[in-house]
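Novice: As a plain string of letters, each chain reads:
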Amino acid sequence: MFRYILKRLLWLAFTLLGVIFLTFTIMYFLRGSNLPVLLSPDEPPDGLSRALEHVGLYGTYLGDFLYFLLRYVARLQFTGLVSGKLTDINTLSTRYLYTLISCLSAVAVSWIVGLPLGIAAATRSGGFLDNVVSALTVGFGSMPTFWVGLMLLMLFASKLRIVPMLFVGLPSLILPVVTLSLSNISLVTSAARSSVLETLDKDFIMAARAKGLRESLVIWRHGVRNSVLPLLSTLGSQLTKALTGALVVEYVFSIPGIGRLMFDSISNRDFNTVLICILITAVTSGAINVVTDVLYTFINPAVKRRYE
Amino acid sequence: MERKGRLPSLTGAGKPRLDTAATVGLILLALVVIGAVLAPVLTPYEYGTLDTDTRTEPPSWEHPLGTDRFGRDQLTRILYGARVSLLIGMLAVGIAAALGLLTGIAAGYYGGLVDSVLMRLMDSVAAIPYLLIATLIAIFAGFTARGTTIAIGISLVPDFAALARALVLNTLGKGFLEAERAFGIPDSVILFRHVLPNIISQYIAKFTNAFAEAVLAVTTLGYLNYAVQPPYPEWGDLLADGYIYIVSGQWWLTVFPGLAILITVVSVNLLGNGLSRLIDSRAGANGGRS
Amino acid sequence: MSVGTVLLEVRNLHVSFRGARGRVEAVRGVSYDIREGEVLGIVGESGSGKSAQAYSVMGLLRGTGRVTDGNVYFRGEDILKYERYQWEALRGNAIGMIFQDPVACLDPMMPVYRQLREAAMCHSEISRRAADELCMQMLNMVGVDDTKRVLRQFPSGLSGGMCQRIMIAMALLQEPQILIADEPTTSLDVMMQAQIILMLKQLCRERNMAVMFITHDMGLVAEICDTVCVMYAGRIVEKGPVLDIFDSPAHPYTAGLMRATPNLGVDEKGPMHSIDGVPVSMSGLPPGCAFHPRCRHCKDICREKEPDEIEFTHGRSAACWMVGKELR
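Protein sequences appear in the order of chains A, W and C.
Oh and the first sequence: position 255 is 255 in the working numbering, straight run, nothing missing.
Every position in the second sequence, counted from 1, becomes a number in the working numbering once 1000 is added.
Every position in the third sequence, counted from 1, becomes a number in the working numbering once 2000 is added.
Simulated from the structure, these hints should not be mistaken for laboratory data.
Just to be clear, a hint being listed does not mean it is correct.
To be verified - Here are the simulated distance ranges between beta carbons:
no., chain 1, residue 1, chain 2, residue 2, range
1, W, Y1110, A, G18, 51 to 59 angstroms
2, W, G1111, A, V294, 22 to 30 angstroms
3, A, D203, C, G2143, 41 to 49 angstroms
4, W, V1189, C, R2152, 43 to 51 angstroms
5, W, G1111, C, Y2073, 55 to 63 angstroms
6, A, V113, C, R2152, 35 to 43 angstroms
7, C, R2075, A, D203, 25 to 33 angstroms
8, C, R2066, A, L129, 19 to 27 angstroms
9, C, P2271, W, R1193, 33 to 41 angstroms
10, A, R3, W, G1111, 17 to 25 angstroms
11, W, Y1110, C, I2126, 25 to 33 angstroms
12, W, G1111, C, E2083, 51 to 59 angstroms
Small disclaimer: the values here were computed from a predicted structure and weren't measured.
Backbone N, C-alpha and C define an ideal beta-carbon position, used for all residues, glycine too.
Let's have the full structure, built from the sequences with the hints guiding it.
Specialist: Shown next as structure tokens:
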């Protein structure tokens, strides 16, 4: 079991290293190769750069990469690389938190609403509820996230004035989370519905009925329990989509998160910041995927056995 | 959803047909495509023509969908915008399907180390949102349609690869391949004659769903100004411009592009769902139990 | 062994499914009785409708299957008219069922002890502890030695033979009056098959439990059944006590089935026999007797009219125009 987790973590580290490598290379070629440029202008040469000098790597590509890795990435300090007024690491983590909260809440909400909805639609297959749910699923799943955001913003903030239009801290996240949830709900609902339908067709459900169990027990204790597991394997891609969505809605709703920072920096042609944002987001996405993967393996009894 | 009963020896499946929802989707999609292709014929205007006399006018006979702040006819811009969405979507999905097919077949067929490495690679790619890839490319090569296409294409590959691999493994699991190998039939022929036909039908269903996602991605990137540069129209871009005018009441600048996106994607989704159901029912007819 | 009151009466049962071109009948008028303590065999090829009629008795027809005609009486009550709550009381409690693929019939995400416990507590008001005790005892009775270990397992970690024992234990825990066994040993190897069959036979005799034993294997019928119904193309073509039928089969199909069953260790050396022709397709039945294209005794009338079941001796009937004539 632990060997598996270790393998996954190792691969994650490998992938992330690849992303960092890529990011750095791009930065390198954009800015030129002078190591001192990576340092903040006011800082004196530190122990690390002197060590590199000693080894003879100072000023080379490899040296710069190691410096970048050890000085900035390892300590998660991007001061000096990120532009002007945003150099404070606190601002960066605050922004990160906003993005992360939007993303995770949206997925949580979409599961809380979508799972029961999908199960209900499946158990009343072909009925009125089922058809309505299917229609809504196709409808909302076909709308671009930003459009939903725009519509909601217009409706609730501008016309009805329920939610503030300008950013006022956490309450302003309500609308973005709702927006993100709507798109994801369709995914979860339709996945839940087909998973439940597929499970209810299986032999052990019929065998459970043959025992004379109450139908509600058959559906919930045997059917639904077995349907949820395959859904977890889609959690990873849902979170990735939600992360992208979170970045986009920050633009729509003017939330100061990582996405907003990235887009602003693009406009300002501050590509260093852009790359740092990309780095942070990619690392987050990768980590989320590995966690969900491991979680799934953990819960699935069949796979669990393989590693016991 | 129709389900097959335990009927002994079903003979001769009836002619497979699309259900109503899927047919509606097909028709709508056809309309969109026709609109895109025949854009020059359908409107007398150019998409870039400015006309300061007719700024932000509501829908009328001369301008069925109104005009924007530069006096450009909305209908024209939406029709030409269809080209962008459809083309980029198509190309992106095409690339993804092709690459995914190769990767998946290689992984499924060769198995072992090749399988592990390829699938881990796909996992890594899948973990990176298309927005980041698009941004990365944009930094390098500017904000172009080509970059957008590549970014979306890359992000869709893992899905196709996983499907192709699963189908290959499924086909390989069936015993007849061992028999064929025993007869000395070369592997490439086996691949071609047996593996491929099984893959194609399921692939097509996946294709349509991926296409829907691609179109949504294009519009999102267009909204963020990644995809095309003015004056060439793109639906997301139109929405970005038009949004400002919501408050002042010029609703047609947001409603129509939004509707265009919605209709296109919904039709593709309906069609895709219908195709999946069709394939499921055909597969069911061949595998009866007693 | 006491054969007493009639428990189950099936009268003119018709079951149809939706095929590619409209509804197709899988069961075309099946009638039989099961008495207390009787082991009735239902034997036929794939597609003969033997399983479909059993599912109808349990109300477990899946997909597009529907009972289109006929009646089923359990102790005099017409169960086909049952509401859901009545079915729930009947299933497991009065009539139990075990299936062909035991591993697939167990919940993959639930350990065995919970599933057994569920069966034990389903129809009776006993405590968990008492139920668990019963389960352990029952497992022992079906021949599981390492009960503590098996109970903790998930079905995917157990062999087919073990799972079938568990299923039998589950069914017996509920003490049904009739046990329907749908090809219970088809997916097992021969050794396991023999063990299970013996065990089943013994346990049912001990409890005076009636059994509907569905199979395609005439050899098994000889082993375990008292009476047998031979089914072909959705109808019963021969019915009667096992010994009598094996002695002198009345229907050509029955004779063919018996000839086709190889007897290892018997002195007869000769060619393997099979029945001519191919199994019939339910959506393309020939006119007249459904078996006539494959029958070596076929006459003109066989091609025109489908024979009804004729009781030609007390307790035996066959659906053949040639009944009474010598057939070997």
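Novice: Next, verify each hint and record whether it holds.
Specialist: Against the structure, the hints:
1. W:Y1110 / A:G18: 51 to 59 angstroms: Taking Cβ atoms as reference, Y1110 of chain W and G18 of chain A lie about 23 angstroms apart, which means the hint is violated.
2. W:G1111 / A:V294: 22 to 30 angstroms: holds (24 angstroms)
3. A:D203 / C:G2143: 41 to 49 angstroms: violated (23 angstroms)
4. W:V1189 / C:R2152: 43 to 51 angstroms: Between V1189 of chain W and R2152 of chain C, where Cβ atoms are some 50 angstroms apart, the hint holds.
5. W:G1111 / C:Y2073: 55 to 63 angstroms: holds (57 angstroms)
6. A:V113 / C:R2152: 35 to 43 angstroms: With Cβ atoms ~37 angstroms apart, the hint holds.
7. C:R2075 / A:D203: 25 to 33 angstroms: Holds, at about 29 angstroms.
8. C:R2066 / A:L129: 19 to 27 angstroms: holds (24 angstroms)
9. C:P2271 / W:R1193: 33 to 41 angstroms: Since the Cβ atoms of P2271 of chain C and R1193 of chain W sit about 38 angstroms apart, the hinted range of 33 to 41 angstroms holds.
10. A:R3 / W:G1111: 17 to 25 angstroms: holds (21 angstroms)
11. W:Y1110 / C:I2126: 25 to 33 angstroms: violated (57 angstroms)
12. W:G1111 / C:E2083: 51 to 59 angstroms: holds (53 angstroms)
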